[in-house]
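Heads up: the protein sequence lines correspond to chains A and B, in order.
Using full-length UniProt numbering, the first residue of the first sequence is number 1, and each one after it goes up by one.
Using full-length UniProt numbering, the first residue of the second sequence is number 1, and each one after it goes up by one.
Only true hints are included.
Derived EDC-like pairs: lysine to aspartate or glutamate, alpha-carbon spacing no greater than 20 Å straight-line:
id, chain 1, residue 1, chain 2, residue 2
1, A, 108, B, 191
2, A, 311, A, 256
3, A, 108, B, 56
4, A, 324, A, 182
The set of hints was computed from the structure by calculation and includes no laboratory data.
Predicted model only: the values in this text are computed from it and were never measured.
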Amino acid sequence: MRKVLLALTASAAMLVATGAMAQDKTKACFIYVGPIGDFGWSYQHHQGALEMQEKLGGEDKVEIAYLESVPEGADAERAIERFARSGCDIVFTTSFGYMDATNKVAGKFADVKFEHATGFKREHPNVATYNSKFHEGRYVQGVIAASLSKKGVAGYIASFPIPEVVMGINAFVLGAQSVNPDFKVKVVWANTWFDPGKEADAAKVLIDQGVDIVTQHTDSTAPMQVAAERGIKAFGQASDMIKFGPETQLTSIIDDWGPYYIERVKAVMDGTWEQHDVWHGMAEGHVVMAPYTNMPDEVKKAAEDTEAKIKSGAFDPFTGPIMKQDGSEWLKEGEVAEEGVLLGMNFYVKGVDDKLPQ
Amino acid sequence: MRIELVRRSQQSVLFSALSPFIAFGLMVVAGAVIFLVLGKNPVTGLHAYFVQPLTEIWSLHELAIKAAPLILIAVGLSVCFLSNNWNIGAEGQFTIGAITGAALPLYFPDMHNVAVLPLMLVFGAAGGALYAAIPALLKARFNTNEILTSLMLVYVAQLILDWLVRGPWRDPAAMSFPQAPAFHSWAVIPELLPASGRANWGIVFALVAAFAVWFMLARTLKGFEVKVVGQSPRAGAFGGFSTARTIVFAFLVSGALAGLAGITEVSGAIGRLQPQISPGYGFAAIIVAFLGRLNPLGIVAAGLVLALSYLGGEAAQIEIGVTDKTVRAFQGMLLFFVLACDTLIHYRIRLVRPVPAASAEPLSTEAAHGHR
Numbered sequence: 001m002r003k004v005l006l007a008l009t010a011s012a013a014m015l016v017a018t019g020a021m022a023q024d025k026t027k028a029c030f031i032y033v034g035p036i037g038d039f040g041w042s043y044q045h046h047q048g049a050l051e052m053q054e055k056l057g058g059e060d061k062v063e064i065a066y067l068e069s070v071p072e073g074a075d076a077e078r079a080i081e082r083f084a085r086s087g088c089d090i091v092f093t094t095s096f097g098y099m100d101a102t103n104k105v106a107g108k109f110a111d112v113k114f115e116h117a118t119g120f121k122r123e124h125p126n127v128a129t130y131n132s133k134f135h136e137g138r139y140v141q142g143v144i145a146a147s148l149s150k151k152g153v154a155g156y157i158a159s160f161p162i163p164e165v166v167m168g169i170n171a172f173v174l175g176a177q178s179v180n181p182d183f184k185v186k187v188v189w190a191n192t193w194f195d196p197g198k199e200a201d202a203a204k205v206l207i208d209q210g211v212d213i214v215t216q217h218t219d220s221t222a223p224m225q226v227a228a229e230r231g232i233k234a235f236g237q238a239s240d241m242i243k244f245g246p247e248t249q250l251t252s253i254i255d256d257w258g259p260y261y262i263e264r265v266k267a268v269m270d271g272t273w274e275q276h277d278v279w280h281g282m283a284e285g286h287v288v289m290a291p292y293t294n295m296p297d298e299v300k301k302a303a304e305d306t307e308a309k310i311k312s313g314a315f316d317p318f319t320g321p322i323m324k325q326d327g328s329e330w331l332k333e334g335e336v337a338e339e340g341v342l343l344g345m346n347f348y349v350k351g352v353d354d355k356l357p358q
Numbered sequence: 001m002r003i004e005l006v007r008r009s010q011q012s013v014l015f016s017a018l019s020p021f022i023a024f025g026l027m028v029v030a031g032a033v034i035f036l037v038l039g040k041n042p043v044t045g046l047h048a049y050f051v052q053p054l055t056e057i058w059s060l061h062e063l064a065i066k067a068a069p070l071i072l073i074a075v076g077l078s079v080c081f082l083s084n085n086w087n088i089g090a091e092g093q094f095t096i097g098a099i100t101g102a103a104l105p106l107y108f109p110d111m112h113n114v115a116v117l118p119l120m121l122v123f124g125a126a127g128g129a130l131y132a133a134i135p136a137l138l139k140a141r142f143n144t145n146e147i148l149t150s151l152m153l154v155y156v157a158q159l160i161l162d163w164l165v166r167g168p169w170r171d172p173a174a175m176s177f178p179q180a181p182a183f184h185s186w187a188v189i190p191e192l193l194p195a196s197g198r199a200n201w202g203i204v205f206a207l208v209a210a211f212a213v214w215f216m217l218a219r220t221l222k223g224f225e226v227k228v229v230g231q232s233p234r235a236g237a238f239g240g241f242s243t244a245r246t247i248v249f250a251f252l253v254s255g256a257l258a259g260l261a262g263i264t265e266v267s268g269a270i271g272r273l274q275p276q277i278s279p280g281y282g283f284a285a286i287i288v289a290f291l292g293r294l295n296p297l298g299i300v301a302a303g304l305v306l307a308l309s310y311l312g313g314e315a316a317q318i319e320i321g322v323t324d325k326t327v328r329a330f331q332g333m334l335l336f337f338v339l340a341c342d343t344l345i346h347y348r349i350r351l352v353r354p355v356p357a358a359s360a361e362p363l364s365t366e367a368a369h370g371h372r
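Extracted from the complex, chain A is given alone in its bound form:
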């Protein structure tokens, strides 16, 4: 019996080996939480995927497949498993809600590499996690907002009260306060990543409350368009939204996933892929600022200087002294926040005109 088993295993191994040799294309697969046409989060991931395919030799070398608008429930596991079974060598799952499903499927398919964006669980050696320091860009936005705002109040359309979003609000406020210590930020929670109607409503509410600059941590272009209609300035999100507000957009934080996808798929091709957890920002080119537009030269200069300081590593947006919202001290003079604290951030800094939903 044992011999038969052995023979079977051996022949199966042979089959797998010849299969691998016959395969000259690498298949990279992507799961998106929104539509690829959202001009935000999912759009940028897909742009990164396309750039990766082009840079690594085009369709002859890399095959890409994707599923868009995959809900973050029981469907995610099926979608990921389908990819694992359909010959994908590496699967990128690009939303936090896919965390459990990614790890579960990874446990069943040891030969497939899995990369989960924005999560923290790596239960198997074939799961890596990756994220970007978007808050670095938010700090620069804060500097611009405070330099331009006449009223000293900006509006912030937030998605969900998770650490990444809270971190972004805080970085924006800190950037603004570096110019105007009394600067305030009003927050509206849209409770969605992508819903043009809700996002537009949120922008209208904020503008009606008297803010004269709007920024967003949701993915549609609706807030930009509302700001353009009302004649105020706004920041884009995830992609360069300049064509939705040619006279409105000040800059935009561009999520550039291309370099990361190139690096990781290449590692799979070379057989050097290893598990890791990365959190890269401006320095690595994962967070890019869209051209500074619709602002005076001195503001543009201030923004560029801030960007350069962060990029070179000379300055971290979360450098003390920083007070929490309740006035207690969080960071002492010159103290830099630990990454662990930032990644679990659930409190506001001073100057946020909102109560954090708990």
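Given the coordinates of chain A, assemble chain B onto it according to the supplied hints.
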């Protein structure tokens, strides 16, 4: 030339039974046309859509997972719809069922024994039923519009879930991310055949519920009462049936099954409470209920077909590279063709030649009233 619908005096029994199949056939033809227009091979496309998901064992498991909540909810809805109660809030009852069922392992995390799971299921069903009782009582007592109340309670339920997983029930180990702790192994619905896939007992619950409700509707006095009150409350009253009691009964059954589907989904397929637990099962189940012609056994078939359209949609996205919008269009077409076939069973089309405006006016209002 104008088109009018005129009620048929007799409906064809044969075509009533055939109509879902005709609708499905029309959808396949229309689907082939869409694939052609998109420049894809319609045979490959339709194969990926309707055949491929059925050719692999793991995929059949996934079909069962996807169909189970749809069938459970739709079976309950059939009781509501037959009794002329328009429960549009099954999504909310599903959510509340998930919450009340999950409360047990979250509040008693050390309770590790065989009683946990059955109790969770009971709590889930009870939670869904109680939540459905709100629009039921409002309708029975104050004659409020149950379509509005049940629909609005969906958003309330989703916000309650959202608040719970961000606040009181948040997993302390989740780095401030919104999710409840994972269920321990006693609180997870077992898989049916773990060797070949992850389908759990949910599909069995769905089949049992479908059979039980079919029996109730077809063979018991209660079922007769539901249908009579639904068709004519006045006739029901002469027969001694209380409209108010029927409203409450229908909503309780429907809510309980939706709640059971909710706890089954989070315990079996997801493994924890999180902000998003349903891709709109409560609403999709309305389609399933009508696709199944409000017959619980028909609903089993309809649930499987709709689940197949989700799975096939994914397969088609990967195999031939169409977008998920195509998937939605397919589902929309299916419902459209079913309703169209249905309409043509009850009504026939009459072409009216233009006549002087004065005499045409009363005719058209009459026809409009004739349409229910």
